[in-house]
Amino acid sequence: MSPGDVWYLIIANPVLNVLIALSHILGGSFGLAIIVLTVIIRLITWPLTKRQLNSTKALQEMQPKIQELQKKYGKNQQKLQQEMMKLYKEAGVNPLGCLWPMLVQFPIWIALYQAIMRALATTPENLLDLAQRLYSWNVVSQAIPLNSHFLWLNLGSQGDLPLAIIVGGTMWVQQKMTQAPAVDPRQESTSRMMLLMMPLLFGFMTLMFPNGLGLYWAVSNIIGIIAQYFITGGWGYLKFRSPFKPAPAKGK
Amino acid sequence: MVTIPYLSYRMKQPKILLLVLIALLPLVLVSCIPGGASIAGGWAGTAFRDGIIYVGTRDGRVVAINSSTQSQQWDYAVNSAIYTTPIVDSDLVYVGTYSGKVLALNTLARSQNLTFPQQRYGEWEWDCPIDNAKSNAIVADLLVSNDTIYASSSNGRVYSLDKEFGDQNWASKMLDERQQKLWTSPVIHGNALYVSTLDGHIYALSVETGVSLNWSFESVAGFASSPVIYEDAIYVGSFARRLYAIEIGSNVSMWTFPQEKPAGNWFWASPMVNEGIVYAGCLDGKFYAIEAKTGEKLWEFDAGSPIVSSPVLMDNLLIVVDESGTVYVFDLSAELGDEAVPLKTISIGAAVRSLFCAQEGLVYIRGEDNQLYVVDIDKGEVSWKVSLTTKA
Numbered sequence: 001m002s003p004g005d006v007w008y009l010i011i012a013n014p015v016l017n018v019l020i021a022l023s024h025i026l027g028g029s030f031g032l033a034i035i036v037l038t039v040i041i042r043l044i045t046w047p048l049t050k051r052q053l054n055s056t057k058a059l060q061e062m063q064p065k066i067q068e069l070q071k072k073y074g075k076n077q078q079k080l081q082q083e084m085m086k087l088y089k090e091a092g093v094n095p096l097g098c099l100w101p102m103l104v105q106f107p108i109w110i111a112l113y114q115a116i117m118r119a120l121a122t123t124p125e126n127l128l129d130l131a132q133r134l135y136s137w138n139v140v141s142q143a144i145p146l147n148s149h150f151l152w153l154n155l156g157s158q159g160d161l162p163l164a165i166i167v168g169g170t171m172w173v174q175q176k177m178t179q180a181p182a183v184d185p186r187q188e189s190t191s192r193m194m195l196l197m198m199p200l201l202f203g204f205m206t207l208m209f210p211n212g213l214g215l216y217w218a219v220s221n222i223i224g225i226i227a228q229y230f231i232t233g234g235w236g237y238l239k240f241r242s243p244f245k246p247a248p249a250k251g252k
Numbered sequence: 001m002v003t004i005p006y007l008s009y010r011m012k013q014p015k016i017l018l019l020v021l022i023a024l025l026p027l028v029l030v031s032c033i034p035g036g037a038s039i040a041g042g043w044a045g046t047a048f049r050d051g052i053i054y055v056g057t058r059d060g061r062v063v064a065i066n067s068s069t070q071s072q073q074w075d076y077a078v079n080s081a082i083y084t085t086p087i088v089d090s091d092l093v094y095v096g097t098y099s100g101k102v103l104a105l106n107t108l109a110r111s112q113n114l115t116f117p118q119q120r121y122g123e124w125e126w127d128c129p130i131d132n133a134k135s136n137a138i139v140a141d142l143l144v145s146n147d148t149i150y151a152s153s154s155n156g157r158v159y160s161l162d163k164e165f166g167d168q169n170w171a172s173k174m175l176d177e178r179q180q181k182l183w184t185s186p187v188i189h190g191n192a193l194y195v196s197t198l199d200g201h202i203y204a205l206s207v208e209t210g211v212s213l214n215w216s217f218e219s220v221a222g223f224a225s226s227p228v229i230y231e232d233a234i235y236v237g238s239f240a241r242r243l244y245a246i247e248i249g250s251n252v253s254m255w256t257f258p259q260e261k262p263a264g265n266w267f268w269a270s271p272m273v274n275e276g277i278v279y280a281g282c283l284d285g286k287f288y289a290i291e292a293k294t295g296e297k298l299w300e301f302d303a304g305s306p307i308v309s310s311p312v313l314m315d316n317l318l319i320v321v322d323e324s325g326t327v328y329v330f331d332l333s334a335e336l337g338d339e340a341v342p343l344k345t346i347s348i349g350a351a352v353r354s355l356f357c358a359q360e361g362l363v364y365i366r367g368e369d370n371q372l373y374v375v376d377i378d379k380g381e382v383s384w385k386v387s388l389t390t391k392a
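Those protein sequences? They're chains A and B, same order as listed.
Using my numbering, the letters of the first sequence correspond one by one to residues 1 to 252.
Using my numbering, the letters of the second sequence correspond one by one to residues 1 to 392.
Isolated chain B, as found in the complex (with noise of 0.2 angstroms):
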């Protein structure tokens, strides 16, 4: 900051300095608004059941397309963004939402376009508290168990709903609220539920009451991802540019992967196991496969576009969607050697950031450009796509 000492001197200037500094501050003002603050848009996932597929669009709704007509079943507008991908059980679609509620939403009801929540229906809507917090936002996806839903809120805390009502069977504390975001989701195995923190630390809670087991483990840095669990071990990806391997009850990581030097970007998106086999990719564009027990590499492949999705198994196919939309499908039962090669690839030409999933031989993308694509992968092309804005 300066003073500006001439002014009183220089009875002509003052006014042209004026005009100058009038003119350059909102310029300051204009030039500031691009590549600072973002808007929250929501990058929901699809779920497909019976025929439907349900979505989160960018303008704040829940959307149900029939495959059938290629069209919006129905709608329901949520006025707020959702980052959560839909879960559905029987008639009732849960979403959680960026303002800190949780819904179920009755397909049926939805149909008739009632007003919500419907209870006969056995809709509800649960608000979060907001606990001193900036925030109570749920970000991260929600993790349906048996008669409960568990929900991490941006206020720093796991919450433990009743399915069938939504009322509320406990609360769980992580984080310091004005300090942390729980962006991640639990995942429960046995009777524990288990949950990894941006500030580099996964938790251990029991199931029934909330309470935190005796067992945590700490990182040198943040995890970016949530965890996922295959045999007594826990994989999930770090700020540290590597994905961790941790047995649950040890305080030293099984593994770290790149074993030496560290990947080029955060290992975001959750991995996925199978057979023994770590799927992972990275934000630098590397997708892996890494042997479970050891974290020895067994192929990679090089996107060259960030991979912000987890990807995603469908028989022996293993589809990943990079963030520049183009959909690699990798054949598993055939020889791959270290750099593998994909059996096909296949653009729909806008971006992803959202969690796709993929059924009868069709993946279901949700665009960044608020449209829904439908890829064939036997025919390697986009079958048909539908926007997601508001119902016409």
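In isolation and in its complexed conformation, chain A is listed as follows (with noise of 0.2 angstroms):
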């Protein structure tokens, strides 16, 4: 069994078989469908995005200790560097573990880019290929041939504004809560690009995708800024304003 036999048997097969059938239990709604494959993903993962989480809120409640050994330990890095690991962990904080969320997501994004493009069958090739991946569920049968159209998008076609910029902001936005306060000016020039970095370019990422993704993306986006909102305790960092000014650029 070579390595695509594989991933199609226990990934991107389930995927896509898992969908149709949600797609017909819902009422014929490919949409509906994805919102709720979006909402049981984020409860699978849920335990690498709760410990996430309150990594992050350990984090924020750590953030006095931290600026006093940034002051203490300024001129100093690697000092800093060590005493700031140290801190971590004591708190048991990991600094990488905010990543596993991430990468255990990205087959799923494979997976469910595919499940969309071979379920909506957009060519007749498509339609013949689907045939060899569906299981012999009635509710699977009966799904067949979908409806592509959700509320104003075309799940299947690619480049919706509307929809990229709501991916982009809502990422923005879950970022923005959770991304602590720079200590210095030239800390707060890396943490500002980071801030706009990612949801710039997941809302390119929605442009060349199909929709389904993209609404994929918003929905777990929007669920992971609810579940933010409830274990940390609020808006986070949100409404906080860096009193750092950006700096201005060099003169020639």
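Everything labelled a hint here was simulated from the structure, so no lab data went into it.
Check each hint, because a few of them may be wrong.
Claimed, not checked - Which bits of chain B does chain A cover? Going by a derived footprint, with three or more residues having C-beta under 8 angstroms, they are:
#	segment
1	213 to 223
2	239 to 251
3	263 to 275
To be verified - If you want a taste of the chain A side facing chain B, the calculated C-beta under 10 angstroms gives, among others:
#	residue
4	Leu127
5	Ser141
6	Gln142
7	Asp160
Just so we're clear, the structure is a prediction, and the values are computed from it rather than from any experiment.
Cβ atoms here follow ideal geometry from the backbone N, Cα and C, with glycine treated the same way.
Make one complex out of these two single chains by using the hints.
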């Protein structure tokens, strides 16, 4: 069995069939099926998300201590790093732990992209290929062909600007809620760049990929915002305004 | 989706994390491409008339192959995928395209490579309106009857065109063009045109006006194949993994096959009915002979590879081709038993998804490798083959 076969057997085909079955159960709405699948995926990855959010909260609480360390060892970067790592360890915070939920979602994005394109069968070849990937469930047979329209979106098409703005916007809110204030102007510019880069990147990817995947990202972000609101207790740093002004551009 | 709360604290790490993310995201982009969207390549079948084989190619051309010289006699680029099998009527070849056109090509004008369309040769081109739909692609085979051509469009409508001039006689809306595609061919019986749809309906239309007649049939699942009619009954394959037999005028099916447990996959190819027996291939690789009146299985054969193309009858020989490119020949005059054994098995060595034709002991098959294979049934081998790529 090739790695490709394993991929389809374990991830891609289950996602495809669950999505189609959900679509039939939800009255033939493929868009609602994507939303429900997003909720299911968020529930499955909830332990990872919760750990990340708890770390975020712990980090917020650690902030006065971190600022203290910044003041104390500001001129000795090596010592500062060592002390900060020590602090993280004591608090049980893994600085790279935040990447796991994202890494876990990578295969899901790919499977979902493939599932959307296959399920909507935009070409006759897609439809014929779909036959080889469906389970023998009645709900799946009866759901074909799927309705690709949801709200104003054609889920199989790409390039929907309002959806890209929603994805980028919700991602920015989610990022801003957790991004702790910088302690110096140099850090501030890096933070500002990070805060903008990811939403812009995902907004761009929404334009490049089928709207169904954009819908997944938007719903996933909204769920993330709600989860953060309740776990970290409020809007976090969303309303925080940095005391540092952006560094002026160097003159000629 | 997650956030990255630590970045502002780890001044050395942001750049590393940034690089990781930037490196991973293109991987997603690249990984997404295989198995996702596929390009419409077309699977036009073959037609044979007066020593010439007509076929649509995977690079969007209609090609005429001279069987004597085994070479291309002419070709015409439609610059679009072609799913419809060419229909030859006297000097004209009719073909529908994925770009939503129906063309009437004159063999003489095309042999001289004249500018298309040459009206003095009876050539014309008809553009299917898109009518707010996502696509006006013509995927299903055209139907020619008397002086009319019928075409199903991906905009959900059936069109009746004048065969001589390509003028539109009428259009009949079958499906909501925002949601569905009409990828099945209509069939004529009496004064009515019958259309099966991917959303599980069979509609009857007036041949003259396109107006819906009083009868329609609804199934729990969509119909995968175009219908065929035999003695007032419609036979059609379904996404429910069953073959349906429906008496025209009735709201319930005569029978469905298999009667108990569904088949292993869809009945994608249109069945063929001959002398009271329905011959149908399934995408699970099984091929069945079924009593047309009762739905009782007479015999079956397991090809082991999906059967995408409809079978063809040549005298008393039934020819079945599976997707792996294996040609099975059954002698219908012999006793085949419950599990039929083919008289001959010939491999062309290329995948097959198109309709094929057979005449005078030869089977003309277009492979997915964009080659035309001519199989000699008597000799049990590929007699000759020719590339369908751009004419040299």
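A:Gln142 was flagged as interface toward chain B. Is the shortest Cβ-Cβ separation under 10 angstroms?
holds (5 angstroms)
Can we keep the A:Asp160 interface hint, with Cβ of chain B closer than 10 angstroms?
violated (14 angstroms)
How does the coverage statement for the segment 239 to 251 of chain B fare against chain A, requiring three or more residues with Cβ below 8 angstroms from a Cβ of that chain?
holds (count 3)
Does the CB of A:Ser141 sit less than 10 angstroms away from some CB of chain B?
Because about 5 angstroms separates A:Ser141 from the closest Cβ in chain B, which is inside the 10 angstroms limit, the hint holds.
Proximity test - 8 angstroms, beta-carbon atoms, the segment 263 to 275 of chain B to chain A, at least three hits
Coverage by chain A holds for the segment 263 to 275 of chain B (4 residues, Cβ < 8 angstroms).
How does the segment 213 to 223 of chain B fare against chain A when you require at least three residues with a CB closer than 8 angstroms, holds or violated?
holds (count 3)
Holds or violated: is there a CB of chain B closer than 10 angstroms to the CB of A:Leu127?
holds (8 angstroms)
In summary, the one numbered hint that this structure violates is 7.
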